[in-house]
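Given chain A, put chain B in place with the hints provided.
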Amino acid sequence: MNAPEVANQGPLRLERRADGLLEAVLCAPPLNEIGTELLMALEDLAETLRRDDGVRGLLLCSTLAGGFSAGADLRALSAAIEARGHEAVAGEVRAFLERVRDCFCALEASPKPVVGAVHGVVFGGGFELALCCDLIVAERSARFAFPELRLGLVPGFGGTVRLRRAAGGALLRELLLSGSSLSAERARAVGLVNQVVGEGRARAVARRALEQLLRLDPHALAAAKRLSKPACRAELDEELELFCSLFARPEVARALAEFARRKDPLPYLPRPRGP
Amino acid sequence: MDEAALTTRLLELSRQRFAGAPAELSPDDDLFQSLGIDSVQALELLSELERTFGVELPDYELAEVRSFAELARKLHERL
Numbered sequence: 078m079n080a081p082e083v084a085n086q087g088p089l090r091l092e093r094r095a096d097g098l099l100e101a102v103l104c105a106p107p108l109n110e111i112g113t114e115l116l117m118a119l120e121d122l123a124e125t126l127r128r129d130d131g132v133r134g135l136l137l138c139s140t141l142a143g144g145f146s147a148g149a150d151l152r153a154l155s156a157a158i159e160a161r162g163h164e165a166v167a168g169e170v171r172a173f174l175e176r177v178r179d180c181f182c183a184l185e186a187s188p189k190p191v192v193g194a195v196h197g198v199v200f201g202g203g204f205e206l207a208l209c210c211d212l213i214v215a216e217r218s219a220r221f222a223f224p225e226l227r228l229g230l231v232p233g234f235g236g237t238v239r240l241r242r243a244a245g246g247a248l249l250r251e252l253l254l255s256g257s258s259l260s261a262e263r264a265r266a267v268g269l270v271n272q273v274v275g276e277g278r279a280r281a282v283a284r285r286a287l288e289q290l291l292r293l294d295p296h297a298l299a300a301a302k303r304l305s306k307p308a309c310r311a312e313l314d315e316e317l318e319l320f321c322s323l324f325a326r327p328e329v330a331r332a333l334a335e336f337a338r339r340k341d342p343l344p345y346l347p348r349p350r351g352p
Numbered sequence: 243m244d245e246a247a248l249t250t251r252l253l254e255l256s257r258q259r260f261a262g263a264p265a266e267l268s269p270d271d272d273l274f275q276s277l278g279i280d281s282v283q284a285l286e287l288l289s290e291l292e293r294t295f296g297v298e299l300p301d302y303e304l305a306e307v308r309s310f311a312e313l314a315r316k317l318h319e320r321l
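From first to last, the protein sequence lines are chains A and B. All letters in the first sequence, in the order written, are residues 78 to 352 by our numbering. All letters in the second sequence, in the order written, are residues 243 to 321 by our numbering.
Don't take every hint at face value.
[What the hints assert, rightly or not] Label pairs and their calculated CB-CB ranges:
1) B:ARG320 / A:GLU288: 37 to 47 Å
2) B:GLU266 / A:GLY245: 38 to 48 Å
3) A:PRO307 / B:PRO269: 30 to 40 Å
4) A:SER255 / B:ARG315: 42 to 52 Å
5) B:ARG320 / A:GLU318: 37 to 47 Å
6) B:ARG320 / A:LEU226: 21 to 31 Å
7) A:ALA281 / B:ARG259: 20 to 30 Å
8) A:ASP129 / B:GLU254: 44 to 54 Å
9) B:MET243 / A:ASP129: 52 to 62 Å
10) A:SER255 / B:ARG293: 19 to 29 Å
11) A:GLU164 / B:ARG320: 39 to 49 Å
12) B:ASP270 / A:SER255: 27 to 37 Å
Source of the hints: derived by calculation from the structure; they are not laboratory data. Positions of the beta carbon are idealized from the N, C-alpha and C atoms, including for glycine.
If we strip away everything but chain A, and leave its shape as in the complex, we get (with noise of 0.2 Å):
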């Protein structure tokens, strides 16, 4: 197989394959929190899919060791709480979520496939991303949550939209309500996952599926595509709308603070004791 050209993109590495296989692989310490630069990569990748037609179709994955993705990036949010005040940041906050579902949208409704490769956390908006894929290989170590709770918040990147369309609203309430963490091998008996595999071979995996959607005729492939994947637009804003109204209440702006002063990498789970 020839080496794949690479494209060096700060917090997403791109690396594309001589079969049109291109690889986005998010690389943002501490654990590609989705901020304004990764959401940025996000939609650069996006119309790439969109306008290139040598690319066939698209691997999302991680190369850090702590997982996929721990979500949208709550410290940078927090600090422009205390720099600009929440008032002026709810806007922002809202023009980004905009931003977030219109480029979860196109990565979902690209007529090419789109896999995930993922593994240890898979918290937030990075589970929201993960569900933007059309199939997901997932290590054992994977695991899956929507926190957001515990912050005083929803999820606000369409995750409740397509977890429900997934698997169903009894396991969207459970992950909701209770913000506990999902295994690899739960989210595989609950159809979320497709393969479960081990350490360190996920990417590899979700590479030969990734090729075997490739001898599909394309055309039959984006009308499956259109079958089965595309989240309702109205349920995404209805989301969007009680995302925003939760936000811009004081006691999230405290709830975000608490976080970002925690050194610990993912303070909205329940605390380890401390000594």
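Same frame as chain A, but now just chain B:
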């Protein structure tokens, strides 16, 4: 598996899985303090527990645990 055997297995597993674990662990040791683990490693522990014992423990149950013995009790309830 009874609770005592489960505790023994849990201590073995913790020593093997976490490099920071002391060579000697006892059932009454504080789990998070003795292993020195953060929330990401706590998730790894959850996955390991699920695989080893075939039970699912919510994150918030693990967070409340004070000792290996208490964790063993919570796991035993679910066997």
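Going through the hints against the structure:
no.	hint	in the structure
1	B:ARG320 / A:GLU288: 37 to 47 Å	40 Å, holds
2	B:GLU266 / A:GLY245: 38 to 48 Å	47 Å, holds
3	A:PRO307 / B:PRO269: 30 to 40 Å	53 Å, violated
4	A:SER255 / B:ARG315: 42 to 52 Å	21 Å, violated
5	B:ARG320 / A:GLU318: 37 to 47 Å	39 Å, holds
6	B:ARG320 / A:LEU226: 21 to 31 Å	24 Å, holds
7	A:ALA281 / B:ARG259: 20 to 30 Å	25 Å, holds
8	A:ASP129 / B:GLU254: 44 to 54 Å	52 Å, holds
9	B:MET243 / A:ASP129: 52 to 62 Å	56 Å, holds
10	A:SER255 / B:ARG293: 19 to 29 Å	21 Å, holds
11	A:GLU164 / B:ARG320: 39 to 49 Å	46 Å, holds
12	B:ASP270 / A:SER255: 27 to 37 Å	29 Å, holds
In this structure, the hints that do not hold are numbers 3 and 4, in rising order.
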